[in-house]
Each structure stands twice: as structure tokens, then as C-alpha cells.
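Asks: One letter stands for each residue in the lines below.
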Amino acid sequence: MRCPKCAAPLQRVPLTDGVELETCPSCSGVFYDGDELAIDLAFENVAPGSKACPKCSVPLAAATLYGGRLTLERCPSCRGIWFDAGEIQVLRMLSGAEAILKRRDAPRQPSPARPALDESDAMAEAAAPPRRASDDPPARVQVPDSAEQNNIDELCAPVMIWEGREYAHFQTSWPVVTYVLGEFPWQVTIGEQGKTRDFIHPPHLLCEDVAGEDTAWSHGTYVEPEEVWAAFNLEGSPPPRRGVAPAQPNPHTASREAMGPIFKLAAAACVVFFALALAFSQRREVFVASYAYPTTSPEKSFVTPTFKVEGRTSNLRLTIETNIDNGWAFFPMALINEDTGDAIDFAREVSFYSGVDDGEAWSEGSRRDVSYIPSVPAGTYYLRVEPESSGVSLTYWIRITRDVPQWSLLFWALALLAAPFALVWGRWWLFESARWHESDHPWITRDTGDKDDDE
Amino acid sequence: MSSPGAVYRLFAAAVTIFLGWALWRGWSPLSVDEVKQVPKSVRDNPGAYRSHYRSYRRYHGGK
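As you go down the protein sequences, you meet chains Y and H in turn.
Heads up: the first sequence begins at 1 in the numbering used here, then just goes up one per residue.
Heads up: the second sequence begins at 1 in the numbering used here, then just goes up one per residue.
Calculated directly from the structure, the hints in this document are not laboratory data.
Quick list of in silico lysine-lysine cross-link-like pairs, DSS-like style, CA-CA up to 25 angstroms: (1) LYS308(Y) / LYS36(H); (2) LYS40(H) / LYS308(Y); (3) LYS51(Y) / LYS5(Y); (4) LYS300(Y) / LYS36(H); (5) LYS40(H) / LYS300(Y); (6) LYS5(Y) / LYS55(Y).
Looking from chain H toward chain Y, a few residues come up when the C-beta cut is under 7 angstroms (computed): (7) PRO4; (8) THR16; (9) GLY26; (10) TRP27; (11) VAL42; (12) GLY47.
Covered stretches of chain Y, as calculated for chain H (at least 3 residues, CB under 8 angstroms): (13) 265–272; (14) 329–335; (15) 375–383; (16) 401–407.
Cβ coordinates follow ideal geometry from the N, Cα and C atoms, glycine included.
Work out the full structure, taking the sequences as your base and the hints as a guide.
Replies: So, in C-alpha cells, the structure goes:
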């Protein structure tokens, strides 16, 4: 018999319960006799097909099932059905049947040289014979614990270069075949043990599979669930994602990579601006005087001598230093321009407390206060001060310095620049942390309490 | 639709320019009130001036 699709000679493959199927070693198609199927197929829209029955050479009829979601070729004479590669899996999915083949009461013994297959394995048999009995429970195979293997990759984290991309080591494991289901382009044997090493460069995945003397490299690219859903024309939407796949692209990488250089550039510009401001600022003391708090006078307010403020519109740094101890002083002030009569009204407070509690010394506040009066144009000024204090012997010094760059402005600018970048970076980091959690190189080692569970 | 990078570029430019302006003009976040046309008599009678902060509530601290 020849394959109705590619004309390659068909091979007879013994299955469980003595059933034998004809499979194509070239295209992995498989021919079922009509009485071998365990489910009733409700064919729709039967039309003449282009292939000939491999058994009786009658032209196969193409018929649709499940509302056109599957098309099979059926022989009108012998009732045999031809499945192209993958169509058995589609039929299984659409019918919901676990077994497609009928059981036979008196099964024949499978050939010792060709172990039993289930029906879905038949197509893989064309290339190589996987070995498992179809409806029997999976063979019990002692699975070694990967953790007990000597995983040197865990320590050295090797890197692979492929097509100019650098693939980071993700995981090395020692898998054992315990169950076979589906199509495989290589010979699969239950109990077979190998070694796999996965390397990732999202969305790319590079895998090394070592079995005996054979080493096979495979390369894959992560496909979004929506793409898979659309490719198979499936209804509804894919189930929600759980966790992070090794090669799943990090959705925050693009934002992080775009924002990183901008953050660095802007931060550098801010530092340069501040350095220029430091280099070219006046930082010139324009007024300094000391005063004593008038404890006996009912009128506390006074004005200072005038002082000149020169240069472009800039700030004034006002420093108040006191000798206060366990008390407070409050300084409502007005910086008055003698020429225009315009005033900048503000207030500063100084408080300092200290003591010893239970043998431990403590202090709170400061005897010194520094503030910046913003955007003061050049002119002749004086201060009007109206001090208040809790103490009786208060002496204080007022010092005014022209054009002093504020470090806090640089700090707040850098903080503002960093905040959005830190937010994106944090989300990127959480995603990567979840990705690498199951790898040989977790970013965070969590105490899962397994030790206690074991006990 | 603007990408996060483009939005952040604008934001970073705004912050940088604002810092440069703040350093040049001596801007400060200090809370101040501007009073126009203070009478010249304040120099002779400082108590006549009424500060906005005269009755300001303040923390006296300490244990």
C-alpha cells in the first residue's frame, strides 16, 4: 500500500490490543480501518476527494466534521479513514474522547521488537517508534532528583552565543521519559534519561538535549497565546497566563531601555547645571549681626541696618544661629526693599531640647536654621524682625548670603527624574525575578519551609 | 499614542529645564508672602508692621 498523500510505501505498525495501522514514514499520515474507531463520526458535506484509498484504490471522499473544523478523507468502499499528521489530535480535542481506537477482546501480543503504541503515537512511529501502551497507566519510572545531580552550570552560569545573540543559562535538568503522548521526530523510549540545558535570550530559547552519545540543539521563539489561538482558529480567548515562561518577553524591557539613557542624560545635565551654578554663583555675605532677645521691653520688633544686594535676581540664604537650650524662638521676618517698599514676609522657628531619660541622653531640634529667600532682585534691603522666645537669655545671629545654589533643588530634581524610571525598573525587575525564580539562578531565594515539611 | 520613552523624555527635559531656571533665578520652595508698598515709617516704628506670621501656630517640641 502506498500513502494517498505522498505515495510513500506505508508501514504496518502494531498497536495495543492487536490493532495494526498503516502509517506513512514520510508524511506521518495514518490509515484506520472503519471498524477500528471507538467513536462514531458524524460526517457532514461529503464531497469527492483527490486521494485514493490505500487499501482498495477507490477515490476517497472528503467529509467535514464538527461544523467544518475538521476535514477527513473516508473510503466509501471499505469505510477506512485517512488522517493527515495532526488530525488525530484535532479529532481527540473536538470529540473529547480519550481513546480513538476500539478495544479488542482478544488482543494480539505486540511484537517484542516493536513495542505497543497508542493511536496518536502511530504517526510518530513513521519516523521512530515511541513505546507505550495506549490506555495502560504510564510506566512507573524512578525519576532522579535533579537537585541531587552535580549541576556545575548552577555555579558558573554559562553563556551561549548563537546568531549574534547572547543566551544566558536558565536551567539544567535531567529529565526522564515517563509518558509518551503526541508526535515526536525522534525515537522516544520510556525510562530514557537525558540531560537538557536551557539558555534564554527572550523571546528566544536555545536548548541542548543530551541523550547517550547524541546531542541535539533546538531553537525556539516565544509565541504570544493570542497568536496561537488565532493560528488554530480557536474560539474564545486563551486562558490567563500563570507565572512567567523562560523565554517570555518582558513587557517592561522596552520602556526600561528607552528611559535608562534619558535618565542618565538628564541626571548628568542636572549635575552639570548645579556645578555651573556653584562655579558662577556669588555666595557673598551681605549682612551679619547678632542680637539679644529684649526680655524687658514690651516691643520686641526691630529693623536691621540696610544692606545692598547686587547682581541678577537670585536667592538669599538666611542663617539664624542661637544659643537656645530647652526652648524655642520664633522669628517672623520681613525683608523690605527700601527703594520700592515691597516686602517678602516669612517666618522661621528654632527650637532645641535635650535631656537624659533613663540614663540615655537625647536631643531634639537644632539651634541653627537655614532658609532660602527666593528670587530677590538687586536693591537696598533691611530686615524687620519680631522675635518671640520661650527663654529669657536668647542671643542669636542673623547672617544673609547672596546667591547660594540649593543642594535640595538638585536632590529633588534627581528624585523626580528617578521616580518614573524606578517605577518601570521595579516592574521590569519583578517580572525578571518571577522568570528566574524557577531557574538555576533565582534572583531571590525564598524560604519555602520545605525543610519543615520534610520533617 | 506616545510611548513611555517619549513621555519620559519630555518629563526629563521639563525637570532639567526647571532645575536650571530655579538655580538661575534662585527659586526656593520656602513659603513666603509678598507684601507691596510697606510704609517707610516701618523703619521708625517697627511695631507698626503686622507680619502675616505673627500669630502663626508653631510646634514647641521637647519632652
